[in-house]
Amino acid sequence: MTIISEAILNKYEAVIGLEVHVQLSTKSKAFCSDSASFGNEPNTNISPVSLGLPGALPYTNEAMIKSAVKLGLAIQSEINRFNYFDRKNYFYADLPKGFQTTQDNQPICKGGKLKIILPDGSSKDILLNRIHMEEDAGKSIHDLDPKYSYIDLNRAGVPLLEVVSEPMISSGEEAAAYLTELRKLVRYLDICDGNMEEGSMRCDANISVRLKGETVLGKRCEVKNLNSIKNVQKAIEYEITRQIELIEEGIVIEQNTLNFDANTGITTPLRSKEMANDYRYFPEPDLLPISLSEAYIQEIEAAMPALPEQLVVKFTQEMNLPEYDARVITAEKAMADYYLAITDSCENCKAASNWVMGPIKSYLNDKGLSFSDFNVAADKIAAIINLVEVGKLNNNQAKDVLFPAVIHHADKDVQDLAEELNLIINDNQDELEGFIDATLAKFPDKVKEYHNGKKGVLGLFMGEIMKISKGKIDPKKANQLLISKIESLR
Amino acid sequence: MKIDKETVDKIAHLARLVLTEEEKNRFIEELSEILSFMEKLGELDTTGVEPLIYMNEHVNVLRPDEVIQEISREEALSNAPLKNEAYFKVSKVIEK
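Sequence lines, in order, name chains A and B.
Residue numbering for the first sequence follows my numbering, beginning at 1 and increasing consecutively.
Residue numbering for the second sequence follows my numbering, beginning at 1 and increasing consecutively.
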């Protein structure tokens, strides 16, 4: 690939639309009762329906409908009240029925929008075109046998939502932010685990470029089966440059389906099909239509969990957290839940936020755990914060000594542990005065310096007081007392 | 309406059917007859009439999200012409 100049790249803009397949985490499949779980022995999650046996009749899973409505409500789509399924006909070895059950003209959700946050802190609303329900195909395995392909039908019939954006994404970075938000949302709604590497979310990107100011869209290429957010971004960035280079060389871009190789970072055309696909869609006669009442939709709406954007508003406006904290905490539902659980038993929200983003998160990162795996109950953390708050515990001691002990003895009472570890601040005034007097006596020169206006030496005194008291003092109180003592020595 | 040979070829390909010349000629005639018959319906004025998709008025026949193992893997594989103990085997669908 030749390098083209920034100036030339800047003449163009990219127009990108994403299709994301969200695999629903239902227990059973979309139209039959076999298990929809991932990782079972091949061809054990099967039934006459998923095998496409003659005469087998499908039966719609209510959880799929509910999940689709949840996601639709979360992105402010218009929910289609009258739904039916269509057959998309084609032959492939991992599709035994000879058709995929999907929704063609009447998707369950129309329109909607998703707010994305870019790395520079700015935001943009990406409009959605539609969300429709469909079933997944089985899996073909090509490398187990030199002569044959092996077919595993465990995934055949697992419910999917296909989320289609409008073509208004304009860079790889925006695409990555869009996927991050969508993944966060499906996890908050608890309808999909969001694991792209395991195929729970798969993304196809439609990419075209045009000169800025041009209103006609360029010829688009579709990059298939991108399996991580990073790869989506890389594939789009590669493809934009490739297309601009071709146009600059006067070559016409062919509408094509491409494959992205994550190892080399380049896109290559998939083998072209001899004949254009003709799917001959028609309404699925074996499944009855789904009519969604106002009451049904309202019931789902009433049971919706707080969504990340709503939590950001709550955290910043009601709890006075900085926007940065609110965004970090809401990135993961389990983290936001944990934070909220701490604030149930303590007043100091900022302290709770600091604990969640600081010691707890770094401990969990170290161990490769997530917030949902954390063994310490949130009210224990609240108890630590409250001990610091009332001046009975030094904050550094809390983080460095008490916190590891609490993790180790998650069943013990926090106050008892702090006492056992001898961390409770002695509010004995005489003892504190003793530490201060000893310190001042140790550094008479520094006391003089202070009296000559060098206030910075206070830090040195505090350090010494902390050291000899082994941290078991209330720094605020010690600081006040230190100043009054040193002033009285003038 | 007259169907041409090209259309019969296309439909046969989509259905993965191999037809003899004789069969193709027969299908040209039979399919044309069926379409002409259906064209009759086009004479009716259906302006403002919603398309009827389902003859039956039932809606929302739904199933709770529960797992039921209806058949075993052994049973699932038993009808397959090519298989091993765990997989269906088919002719290679991609070339390397």
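FYI, nobody ran anything at the bench for these hints, they're computed from the structure.
This one's a predicted model, so the numbers in the text were calculated from it and none came from an experiment.
All C-beta atoms, glycine included, are put in the ideal place defined by N, C-alpha and C.
Take the hints with a grain of salt, since some may be wrong.
Unchecked claim - Distance ranges between label pairs, derived from CB positions:
| id | chain 1 | residue 1 | chain 2 | residue 2 | range |
| --- | --- | --- | --- | --- | --- |
| 1 | A | Lys147 | B | Ala15 | 21 to 29 Å |
| 2 | A | Glu222 | B | Pro64 | 46 to 54 Å |
| 3 | B | Ala15 | A | Ser293 | 37 to 45 Å |
| 4 | B | Leu41 | A | Lys147 | 34 to 42 Å |
| 5 | A | Ser123 | B | Ala80 | 32 to 40 Å |
| 6 | B | Glu29 | A | Asn263 | 52 to 60 Å |
| 7 | B | Glu21 | A | Lys219 | 39 to 47 Å |
Hints the structure violates: just list their numbers, smallest first. Hints 2, 4, 5 not satisfied by this model.
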